[in-house]
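*Asks:* Sequence:
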Amino acid sequence: MSLKAKLKRMEVHMKQETKPVIEQHEANHSTSKSWASLATVAHTFDEHVCYIREVKHSLDTQYGFKTFRTYRDDLMQWDNQSFSHPLSRRSVPINKLIFFDTETTGLSAGAGTQMFLLGFACFEEHEVVVRQYLLPSPDAESALYHFFLKDVGQLEHLVSFNGKAFDWPRLKTRHAYLRETVPQLPQFGHFDLLHSARRLWKNELPSCKLSILEEEKLGIRRDEDTPSHLVPLFYFDFVREQDPALIASVFEHHEQDVLSLIALYAQITETVIKWEERTSLNERLELAKWHQLNGELEMATTMLTSSIHHLQEQGSAKAEAYFYRGYIFKKKKLYKQAIEDFKEALKVDTFRFKSAIELALMYEHYLKDFAKACTYANQALSYATVEKERLQALKRIHRLKRK
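Following this note's numbering, the numbering of the sequence shown begins with 1 at its first residue and continues without gaps.
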């Protein structure tokens with residue numbers, strides 16, 4: 001069904017008056033075949049229903065640029081890596097990953113926002129399985145969380161997109177309210193791909209929304225997908241009518257979300273591990289800074305040196321590579337190399353202030369050449385563009401004058 005047709009149908013339903021309760025019960029009996037057509041089954045707990053949908057995809061199914069088998073093989077590469085990384089699943093079996101996402105009635109953290117669809121994708125032996133748990137009415141939360149937590153209890157590690165800040169905290173809050181009636185909340189590890197995507201591509205893409213990443217990095221297009229901002233409206237319509245057809249497009253939208261997490265995790269993995277053959281110069285520079293932050297200084301130095309050699313012009317990117325490599329050399333007490341790199345970075349406007357400050361620090365503290373330290377501190381003052389920088393340079397100048 002096209003998006004236009006979905007909206008038309010929704011408009012018709014919203015204009016209809018609420019039907020009597022007796023008629024609604026009769027309609028529920030007549031829709032069992034419709035639920036079956038959506039691969040969805042009603043499960044009862046504590047006298048409430050949760051609808052569970054299960055869809056299986058062969059590993060040879062093409063999704064975006066690659067098949068699920070290739071994505072799995074990409075993720076298996078972590079097993080052969082010796083360096084540490086926040087996204088490494090080396091200690092986590094591939095079939096213990098939970099590619100997790102939710103749908104909610106709003107984006108706020110207020111009491112009026114409710115999670116109505118929980119779901120995940122996971123790798124099994126010969127396929128990728130998607131399981132989705134639908135809340136048919138606000139009073140059925142105990143059934144929703146009972147079945148979801150029962151099924152994820154054997155898994156170990158969440159993979160989400162902004163799940164650390166949004167999905168999982170809200171789920172934990174609802175679980176605290178229901179904890180007397182539902183299974184215990186597992187202690188999952190968590191890979192949040194939003195932060196990784198931003199680190200790699202925030203300067204390259206107009207946005208790091210999942211839909212943008214799908215098109216630009218994963219080869220996935222959602223031509224007939226229900227827009228995210230309309231998903232709550234379709235759900236409200238479903239709650240009123242209890243017509244499975246009204247929630248079908250929401251299931252499809254959410255299914256694509258969790259499958260895209262597999263593709264995105266694999267793409268980021270390829271970028272991190274096969275950086276020499278798979279990365280742009282911008283990605284290489286961002287990866288180097290990421291490794292530096294993680295304490296992998298040798299890996300970071302190698303990437304920064306590669307970036308410097310490949311960048312022909314003495315522009316902002318090359319200055320940035322020199323600056324961060326100089327910072328690593330300084331940390332390793334290789335002061336001569338650090339000074340050389342900071343002087344190279346000093347040639348470009350965007351890194352002049354930072355480089356001059358670093359040179360002033362090095363000549364003062366490590367080489368004890370206070371005259372040169374004062375020269376670079378004064379240069380930093382001349383390069384300052386905001387009051388905070390000006391005060392920082394003046395503080396250093398006054399400190400040196402006292403010596």
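Hints are not guaranteed to be accurate.
Capping the alpha-carbon separation at 27 Å, the derived lysine-lysine pairs in DSS-like fashion look like this [what the hints assert, rightly or not]: (1) K343 - K403; (2) K336 - K372; (3) K66 - K172.
Here are the simulated distance ranges between beta carbons [unchecked claim]: (4) L391 - N294: 28 to 34 Å; (5) P186 - R399: 30 to 36 Å; (6) I94 - P183: 20 to 26 Å; (7) H229 - S382: 48 to 54 Å; (8) K333 - T173: 45 to 51 Å.
Honestly, the hints are just simulated from the structure, not real lab data.
Don't be surprised by glycine CBs; every beta carbon is placed ideally from N, CA and C.
*Asks:* Each hint needs a verdict: does it hold in this structure or not?
*Replies:* To see whether the hints hold, each was checked on the structure:
At most 27 Å may separate the alpha-carbon atoms for a hinted pair to count; K343 and K403 meet this at roughly 24 Å. Between K336 and K372 the alpha-carbon distance is near 14 Å, which keeps this suggested pair within the 27 Å criterion. Distance check on the hinted pair: K66 and K172 sit about 34 Å apart at the alpha-carbon level, beyond 27 Å; violated. Between L391 and N294 the Cβ separation comes to about 32 Å, which falls inside the hinted range of 28 to 34 Å.
Checked against the hint of 30 to 36 Å, the C-beta distance between P186 and R399 comes to roughly 53 Å, which is inconsistent with it. The hinted window of 20 to 26 Å between I94 and P183 holds, with their beta carbons roughly 24 Å apart. With their beta carbons about 49 Å apart, H229 and S382 fall inside the hinted range of 48 to 54 Å. Checking the proposed 45 to 51 Å range against K333 and T173 shows it holds: the Cβ atoms sit about 48 Å from each other.
Against the hints set out earlier in the document, violations occur for numbers 3, 5.
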